[in-house]
Amino acid sequence: MSWTLIALLLLPLVGSLVVAFLKGNDRTAKLVALGFSLVELALAVVAWVAYDPSSGARLQLTSSVDWIPTFGVHLSFGVDGIALVMIALIAFLMPVVIGGAWSDKLPEGRSASGFFSLLLAMQTGMVGVFAATDVFLFYVFFEAVLVPMYFLIGRFGGPNRQYAAMKFFLYSLLGGLIMLASVIGLYVTSADKLGQGTLDWATLVTVMKDAPTSTQIWLFLGFFIAFAIKAPLVPLHTWLPDAGAEAPVGAGVLLVGVLDKIGTFGFLRYCLPLFPAASKQLAPLVLVLAVVGIIYGSLLAVGQTDMKRFVAYTSIAHFGFIALGIFAFSSQAGAGSVLYMVNHGISTGMLFLVVGMVMSRGGSRLIQDYGGMAKLTPVLGGLFFVAGLSSLALPGTNSFVSEFLVLIGSYPNQPVFTIISTVGMVLAALYVLWVYQRVFQGPVRGTALLNVAAGPGTATDPERSGIKDLNRREIAVLAPLVALVLVLGFYPKPVLDVISPSIGATLSEVGVTDPVAQEGK
Amino acid sequence: MTFLAQVELIKPPEIEYSAIAPVLIVLGAACVSVLFEAFLPKHQRWAAQVVLTMLTFIGAGTALGLYAGAETTTAQGITTLSGAVAVDRPVIFLWVTLLLLGFGSILLIADRSVEPGGAFVADAAVRPGTVQDRAQATRTGMQTEVFPLTLFALAGMMVFVAANDLLTMFIALEVLSLPLYLMCGLARRRRLLSQEAAVKYFLLGAFASAFFLYGLALLYGYAGSVKLADIATATAGSDKSDTLLFAGFGLLVVGLLFKASVGPFHAWTPDVYQGAPTPITAFMAACTKVAAFGGILRVLTVAFERTNWEWRGVLWGVAVASMVIGAVLGLTQTDVKRMVAYSSVAHAGFLLIGSISLTEQGLSGTLFYLLAYGFTTIAVFGVISLVRNADGEATHLSQWAGLAKRSPVLAGVFTFLLLALAGIPLTSGFVGKFVVFAAAIQDGLAPLVVVALVASAVAAFFYLRVIVLMYFSEPAPDGPTVTVPGAFTTIAITVGAAVTLVLGVWPSFALDWAGAGGFIF
Amino acid sequence: MTPTYYLLLSALLFSLGAVGVLVRRNAIVVFMCVELMLNAVNLTLVTFSRMHGELDGQVMGFFVMVVAAAEVVVGLTIIMSIFRTRRSASVDDSNLLKY
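Top line first, the protein sequences correspond to chains A, B and C. All residue numbers for the first sequence refer to our numbering, where the first residue is 1 and numbers rise by one. All residue numbers for the second sequence refer to our numbering, where the first residue is 1001 and numbers rise by one. All residue numbers for the third sequence refer to our numbering, where the first residue is 2001 and numbers rise by one.
Quick caveat, the hints were computed from the structure, so don't treat them as lab data. A quick note: this is a predicted structure, and the numbers were derived from the prediction, not measured. Be a bit skeptical, because a hint or two may be false.
Computed far set for chain A versus chain B, every beta-carbon distance over 10 Å [to be verified]:
id: 1; residue: LEU13
id: 2; residue: VAL39
id: 3; residue: PRO53
id: 4; residue: SER64
id: 5; residue: PRO95
id: 6; residue: GLU143
id: 7; residue: MET166
id: 8; residue: LYS280
id: 9; residue: GLY382
id: 10; residue: LEU430
id: 11; residue: ALA479
id: 12; residue: VAL487
id: 13; residue: TYR491
id: 14; residue: SER500
Distance condition first, Cα-Cα at most 25 Å in a straight line; then the derived DSS-like pairs of lysine-lysine [stated by the list, open to error]:
id: 15; chain 1: B; residue 1: LYS1042; chain 2: A; residue 2: LYS23
id: 16; chain 1: B; residue 1: LYS1405; chain 2: A; residue 2: LYS167
id: 17; chain 1: A; residue 1: LYS105; chain 2: A; residue 2: LYS468
id: 18; chain 1: B; residue 1: LYS1405; chain 2: A; residue 2: LYS105
Virtual Cβ for every residue (Gly too), placed ideally from N, Cα, C.
The whole structure should be built from the sequences, with the hints applied where relevant.
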């Protein structure tokens, strides 16, 4: 019985309740929220230290109590390396997000305490999703996390927030309900086999191993559709640009940075080990979707006029890479994918934040409303550039390592798909640099910047333009992200060490032999 | 042989008084309640009736508790009154459910704080629209006959679920329906609407009763008896007329489905739900549903299990129709009460899925679903009765805009209840769906479950629309106010919401209790 | 005379009643059609009672009659009250409630 995960789970929930009761006292509410998120970060460090990648245990820091004995449902928690890095990522991003949203202008009549309370509530849900080792419990968190996100978008988002919130919720709910059919299917299959049904993940892995392929395929599809909506893979992605564009910046970081990773995490934790035969059979389908997503997301990112939608589309391309790595079935590609999940959280989170900072200065989301901004705000320009480079996976930044691992690991198994997906890398350079060029380079122009200016002729003058460069708080928010971009770019080993054993275990559950390892022998 | 000697030959049936005491108490109290109406002066009646009704519930509950608790020798239940009534485990569960839900409804019915004088007309004989009618709108009296009527209806429901032959079932059906027809027409406000609802309900209800009765007659012709057990025995032989059996079954089931407001036999539901006084709507939506499905479960399981291959396909289609009608037509509604009515049609479809999977899990799942749904519904209508403007209840959806700002607590509770109706985890609605669908998949009804899940997703849309209105829209300046409820309504809403939460978080005890045993016949 | 004719007659009466409920407009007439259906059932019950050679069906007939009487009381009350309001018993005039 380990209490670390339970503490990680309950702390933000308590924080959320406390913050909710600090209505009308925004400053205290923010400080309390930040305090809770920092303690949570410390707890995550404790969990990281307590986790022993070399021990060989599939799940660690486990705890379990009976919940609904009639259905063999337990309140059981535990992490493998993959879940652990995701939990660490949330814990790291949370203080950053709170800092980033510190002086956000909320829609009229909304209080900051509500906003931060919902953020913390979401953290509980996300930790729960990654830490649950009972399929029923996972499902509960999977759905529960929708509710705070729905309110974050719907209450605090942009002008079109009602539509975006509704679309987000309905898409996810539909996916969730389809998954529910599969969850019930798992229960029934286990009941047929064991006499008493169970929803314990580890037991189900052994039960499902020799289930008939047709059963596996049906159940796999239920899970897969839910995760493909979450991740999002291409035909099911249309909610993300809307939700990402309308969500307030802080919620957007969590949405794209962490919440969507539930989908890719779900592939690794549920689709592959529970349905090995189906995974192998349907892998080509997933790979097609992944590669289409890479190209399609990149192309649309090039054509975007709205900065937040732009970030959302780059994410769709990145999720294609992650899915490619997962379904290529090799240890390098798998580890690369998980690392990509972390790196994408960092780089896209940062990109979202700097876009938010640009928007808070110009008041517009449209790229064409800006131009030559680097002259007015050199630091912001520089950091936008760093975030962009990290997003396009320049060598030396974090994303490069993961993208490289995914491609090199996928090539032996899936050369065709790998080669096609490299087009995405080229397009990535195009869309990032082009946006940077339009917003920050050249002479100062664009209605957003000119309108803020104090008077005619002042706009080009950094001193008098009314557009201020980053303040200390904003630099403090971005600094840890920049640090991680560089550290993980040069020395990703500590993270890879945690991930790799779990990827190995996952692959052995699928029952594939690693092509790269074989060559080594 | 003399006449008297002949009389002695007829042996009176054995009566197990302790088993049927709860029903006798409710019926006896209903009769006393009628006497109160006759002999007490008008100003004393309300208090006397409320006290009497409360005592009735306590008495019936105690009697039931004593019987169920002391049941040692007849653990699985008994039949009494020469087999006309069965008191077995499902019946005890349904009786407890009915008493609890009836108590909740009585709290809403008795409340006089929300609307001065209560939701019922002071003098039903006064013509709507006349001078006297305007005068009575301000009077604080109410037609206290609703109390005996409710008790009679409740007793009818209790007999209905316990009836072991079709004739008893028919009498019980009428005993529960006739008071309901009357109660529908007693609204204090919008009396025309209310009277119209009563006429519609009455005509369609009588029509459905006639179908039930003709089915009874044909089955009598088929089996030579109307006892469920005898019909079951008769279906084992092959020398009887199948035409009589299936025509009888079809007509009988139409009558039952009508009461349960299963689509396509739902035509009365939205009109009656909208027109009836809200406390009565709550009573109908919760208790009638429980009674009707209790009856359906017993008839299908006891009498027709052996022929299920012949009729299952038909009810399959009915369940699909009900879910689709409820979910799709619910989308177009602009009135909260009508919306909940269509939601109840969709829920009836889900319940029917549980009822036609003729397994222990199907039985216990449906019973649990009824318990969960009943409490949620009572709380929903309790909340609806609180949102009012000068004309009474403000049920038009547009009037609910921005309610979260006016009354955050009420909006929060209502949101929770809507999420329960939509089946989000950690609410009883989710557990209910889970158990029912699990039973259905186990019994090979997987395609039906998929339809049900898609219907739930569609239905979620209109629940969400209300949440969007309450939270994300700005309140209209002349919008309705939220009445501060008195003790009765507060208790009803609180208990309803609390049970919804408890059954969602810790459903084990209720699941075990619902699965304690099967029907005795 | 075989009892089957009585069954056919009662089925005919029941169908007549059902059709009447669906096509007639006046609430009183609709209600009388329901009564016709109930009485058709009575005829069926009595016929089957005769065919089975026992009295159960006839006893059930009495139950149906009592219930029908109770239904008349309640039904006429309701129809009367709306008739006094509207001065019309046509179900088509009741149109406040619709989709």
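Cross-check of the supplied hints:
| no. | hint | in the structure |
| --- | --- | --- |
| 1 | LEU13 | holds (12 Å) |
| 2 | VAL39 | holds (25 Å) |
| 3 | PRO53 | holds (32 Å) |
| 4 | SER64 | holds (16 Å) |
| 5 | PRO95 | holds (27 Å) |
| 6 | GLU143 | violated (5 Å) |
| 7 | MET166 | violated (6 Å) |
| 8 | LYS280 | holds (24 Å) |
| 9 | GLY382 | holds (38 Å) |
| 10 | LEU430 | holds (37 Å) |
| 11 | ALA479 | holds (35 Å) |
| 12 | VAL487 | holds (38 Å) |
| 13 | TYR491 | holds (40 Å) |
| 14 | SER500 | holds (33 Å) |
| 15 | LYS1042(B) with LYS23(A) | violated (49 Å) |
| 16 | LYS1405(B) with LYS167(A) | holds (23 Å) |
| 17 | LYS105(A) with LYS468(A) | holds (17 Å) |
| 18 | LYS1405(B) with LYS105(A) | holds (19 Å) |
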